[in-house]
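Participant: Protein chains in written order, with our numbering: chain L, 83 to 196; chain V, 34 to 142.
Since the hints were made in silico from the structure, they are not lab data. Some hints could be false.
Claimed, not checked - Computed cross-link-like contacts, SDA-like style, restricted to lysine to any residue with a CA-CA straight-line distance of at most 25 Å:
no. : chain 1 : residue 1 : chain 2 : residue 2
1   : V       : 100       : L       : 137
2   : L       : 148       : V       : 38
3   : L       : 123       : V       : 59
4   : L       : 137       : V       : 129
5   : V       : 75        : L       : 137
6   : L       : 123       : V       : 62
7   : L       : 123       : L       : 87
8   : L       : 123       : V       : 89
9   : V       : 75        : L       : 136
10  : L       : 148       : L       : 110
11  : L       : 146       : V       : 38
Here is how the chains run, residue by residue.
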Amino acid sequence: GAVVSQHPSWVICKSGTSVKIECRSLDFQATTMFWYRQFPKQSLMLMATSNEGSKATYEQGVEKDKFLINHASLTLSTLTVTSAHPEDSSFYICSANRGRTEAFFGQGTRLTVV
Amino acid sequence: QKEVEQNSGPLSVPEGAIASLNCTYSDRGSQSFFWYRQYSGKSPELIMFIYSNGDKEDGRFTAQLNKASQYVSLLIRDSQPSDSATYLCAVRAGNMLTFGGGTRLMVKP
């Protein structure tokens, strides 16, 4: 079946540094990918919609200069958390739609900022 | 604002029983409906999707959709302890997928 691969699965970084997370659709092309953030015991919160070849669309309250999204190809979207702070520690998950009815998630990235 | 509502639970059922998970949504333009299972610390995994009114069965899982009443449910037959997880209902309109808060299911041996 379709697979969305996310890398890395976990990362620990120092406060003030930047972290890049990759999301790849392995066997289908995804013109649109989505980035979510999930805090412990909470549901998924959509951060932004990543569109191939154009700027990402950010949800209200999400800082676009802090969370940089690049959808350079039909199979790859990246999320860069810039100048990370401990409050950015969270579980980040990407997803991609296939056709009209299917949506698949990456494995998620556990980010810890120390 | 488009909303997807689920009872947060926990819903506790004995092993072998039927677990019934419910979800309501507000956007009548919603086209597709998904159930995901999420284990603690893991990414959600797709269980089923449904886009036509009625029932859709896959193994021990049955999704039910009623667009007129704007609800979708998931039945899990012969519940197993390994089914214990948080179940997320998601509703898609266009490209956007909106999630409910999830229902935590506990299946007791």
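Participant: State for each hint whether it applies.
Facilitator: Checked hints:
1. 100/V - 137/L: With a Cα-Cα distance of about 34 Å, the restraint between residue 100/V and residue 137/L is violated, given a limit of 25 Å.
2. 148/L - 38/V: Given that 25 Å is the threshold and the Cα spacing comes to 30 Å, the pair is violated.
3. 123/L - 59/V: holds (24 Å)
4. 137/L - 129/V: Distance ~16 Å between residue 137/L and residue 129/V Cα, so the pair holds.
5. 75/V - 137/L: violated (29 Å)
6. 123/L - 62/V: violated (29 Å)
7. 123/L - 87/L: holds (23 Å)
8. 123/L - 89/V: Judged against 25 Å, a Cα distance of about 29 Å means the pair is violated.
9. 75/V - 136/L: Distance ~30 Å between residue 75/V and residue 136/L Cα, so the pair is violated.
10. 148/L - 110/L: violated (29 Å)
11. 146/L - 38/V: The given pair, whose Cα atoms are some 28 Å apart, is violated under the 25 Å limit.
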